[in-house]
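There are 2 protein chains.
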Amino acid sequence: MTPVSVPAGAEFGELETPAALVDLDRLDANIARMATYAKQHSLALRPHIKTHKATTIAAAQMAGGAAGLTCATPAEAGVMSMVSSDILLAYPAIGPKLARLMALPRELTLTVALDSAHAVDDLARAARAADRAVHVYVELDVGMHRVGVTAWEEAVALARRVRDSAPLNYAGIAFYPGHIRSEIVSQDAALTALGAALASATQALEQAGLPPKVVSGGSTPTVWRTHEIGGVTEMRPGTYVYNDRGTAELGACAPEDCALTVLATVVSTSVPNQAVIDAGAKALGREPMRGVEGEGWGALLDRPEVLVARMSEEHGILDLSKTGWRPQVGELVRVVPNHVCIVVHLNDVIYGVRGERIEKSWRVDARGRQQLAVS
Amino acid sequence: MTPVSVPAGAEFGELETPAALVDLDRLDANIARMATYAKQHSLALRPHIKTHKATTIAAAQMAGGAAGLTCATPAEAGVMSMVSSDILLAYPAIGPKLARLMALPRELTLTVALDSAHAVDDLARAARAADRAVHVYVELDVGMHRVGVTAWEEAVALARRVRDSAPLNYAGIAFYPGHIRSEIVSQDAALTALGAALASATQALEQAGLPPKVVSGGSTPTVWRTHEIGGVTEMRPGTYVYNDRGTAELGACAPEDCALTVLATVVSTSVPNQAVIDAGAKALGREPMRGVEGEGWGALLDRPEVLVARMSEEHGILDLSKTGWRPQVGELVRVVPNHVCIVVHLNDVIYGVRGERIEKSWRVDARGRQQLAVS
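Heads up: the sequence lines are chains B and X, in that order.
Read in order, the letters of the first sequence correspond to residues 1 to 375 in the numbering used here.
Read in order, the letters of the second sequence correspond to residues 1 to 375 in the numbering used here.
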């Protein structure tokens, strides 16, 4: 599509909706708050760029004191190598992805997290062919049961395999405590158990002569308690930069820390007690609040009692049963999404706003699934 | 991101995953089948491009006998004006979208469906300023309760308002029977009720001297029965071009009509009885099968008993409990998604395949939320 311009200083009403807006004051505060926390506890901060996928935001995180960045794909790492010289790929690189990984700038310090001998061997082969050093974290499963090894003898075996596979360099361990959410009866107990698991894994590795230099963890729901988990040296939060309704509900941010909203237009009020906006599943994603029915697909920024109750691809149905407010066709609303990482992934451009003024825009330059052309 | 090329005739293993593949034989058959149906029943076929968002596919639909295209946004209409001179915007254009709508090529025959006086007045004002004729369908709510007027006197009032708002041209009525799905006890009864509703609306309009020239409807679940709905002259199916797991479950296509799959790589098998693939919510979307829990977020093409049981953003967890198959890390799988329109919206490039060979690729050139830059 042909780009169209809006002048800086324009107001929301000049934007085609739906549009993703980022409150720049909230963004700055979110970046600063996390940097301060990491510094205070001597934790290396390596933000996961999955949430914003934009070099402009990554650069702000680096300027704010991040030690490096975390990416999910080699393509993302390629884009982010423009703003950081130290990148962790928190995902095993298998198959054709290895070629893109090895094509990253040679001056980049590159680390890969993995959990299988297959991934070690493939990576070692590619690294040898490219003659470049790659640091490796061995991924542990500490309870989420998604990826990671569950038995510490496996962790030891993988670490040894890495150590013996030059030019790979065994650099530490990684974990993702995504299973510890505030609805667990005792987050304290879960964190204690996590600390114990890490201690036993570390002990097993030390006994095998493979002490982890880096212990990398931290997901947004428990991020502010990372310093309580013994032995952790590095944290990789992503969502904190924008936050969302889900993060606020988990207590990992305040509602007023949510920086990203989706600007939408009321397009129909013909059915009683509802208003239809032009932000549906293609703008908001279909991400539930902790899987609970009836909590909606988003809520209005200024009227949190008004939920996006139903969605089609391009329609969001606002439930007006809990409000006396009756919007007119053409009225603008701002929706706080449940899960901001998905919303960003649906957009190509984000608008930075202060108050109701549009100050700038930036491309979500690390999004984009496939950039391969058949020739 | 920088485009990378793969040669035509390459095999799947050369693609970075996840990647969206379209089986070209199935695609061709799907396009031909619908064109034949429409011709057989003298229905004007106006495919909704929301499913593919690609000019290359729209051109194939036009070549296959489509009378025009349906779009959801003016930006989509702008892209699609390259391949069709007759476009319906099945969505009211409000606010800044009107400027983009009026900037469409003047030779384009443009129709807009709407359901409010506000939308009529805004459109009329813009059309007068641009001095261009715009055809209008009045949108009826025939039971889905999303958009559309529910009382026929309202339909009459809107049609009259359109007629009296030159250069707008009252052209007919539109409806979307998305509420009639196969789980309804009697689809027959629902279609009969729909026919009766349309007849009474048409009668009211005729009595007011506003007979609808076009009666435009049809959604994929009931698309093959459009000819049974009295008075319908035009159909706007979208999903049929690719089909998906949801469409097959509704009985509106056979499982072997599903043309689009997501190619993914097994990246971890460390947790027993599951395999992790690199297609998660950012590749498959989080679209449930008719809202039923436990039906998964997609199923493997060759092993439909293997479901994507859980997802994170970049991880899909295959449940291996119903199969003896135990994949290796690095193995490729193809996932049939639940809702293909969302999957396409998540991709920039689609690969056209025959068998296991990649024949071509095309850009999803009408996707892309915002193309506005702040200058």
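One thing to keep in mind: the hints can contain errors.
[Stated by the list, open to error] DEER-style ranges, computed between Cβ atoms:
{"#": "1", "chain 1": "X", "residue 1": "ARG354", "chain 2": "B", "residue 2": "GLN207", "range": "54 to 60 Å"}
{"#": "2", "chain 1": "B", "residue 1": "ASP131", "chain 2": "X", "residue 2": "ALA29", "range": "46 to 52 Å"}
{"#": "3", "chain 1": "B", "residue 1": "THR192", "chain 2": "X", "residue 2": "PRO304", "range": "21 to 27 Å"}
{"#": "4", "chain 1": "X", "residue 1": "ALA59", "chain 2": "B", "residue 2": "GLU228", "range": "39 to 45 Å"}
{"#": "5", "chain 1": "B", "residue 1": "GLN207", "chain 2": "X", "residue 2": "GLU256", "range": "54 to 60 Å"}
{"#": "6", "chain 1": "X", "residue 1": "ARG106", "chain 2": "B", "residue 2": "GLY9", "range": "27 to 33 Å"}
{"#": "7", "chain 1": "X", "residue 1": "ARG326", "chain 2": "B", "residue 2": "GLN207", "range": "27 to 33 Å"}
{"#": "8", "chain 1": "B", "residue 1": "GLU228", "chain 2": "X", "residue 2": "ARG326", "range": "36 to 42 Å"}
{"#": "9", "chain 1": "X", "residue 1": "ARG106", "chain 2": "B", "residue 2": "ALA254", "range": "24 to 30 Å"}
Source of the hints: derived by calculation from the structure; they are not laboratory data.
These figures come from a predicted structure and were not determined experimentally.
Quick reminder that beta carbons are idealized off the backbone N, C-alpha and C, glycines included.
Going through the hints against the structure:
no., hint, verdict
1, X:ARG354 with B:GLN207: 54 to 60 Å, "holds (55 Å)"
2, B:ASP131 with X:ALA29: 46 to 52 Å, "holds (49 Å)"
3, B:THR192 with X:PRO304: 21 to 27 Å, "violated (43 Å)"
4, X:ALA59 with B:GLU228: 39 to 45 Å, "violated (59 Å)"
5, B:GLN207 with X:GLU256: 54 to 60 Å, "holds (56 Å)"
6, X:ARG106 with B:GLY9: 27 to 33 Å, "holds (32 Å)"
7, X:ARG326 with B:GLN207: 27 to 33 Å, "holds (31 Å)"
8, B:GLU228 with X:ARG326: 36 to 42 Å, "holds (39 Å)"
9, X:ARG106 with B:ALA254: 24 to 30 Å, "violated (52 Å)"
Violated hints for the displayed structure, listed by number in ascending order: 3, 4 and 9.
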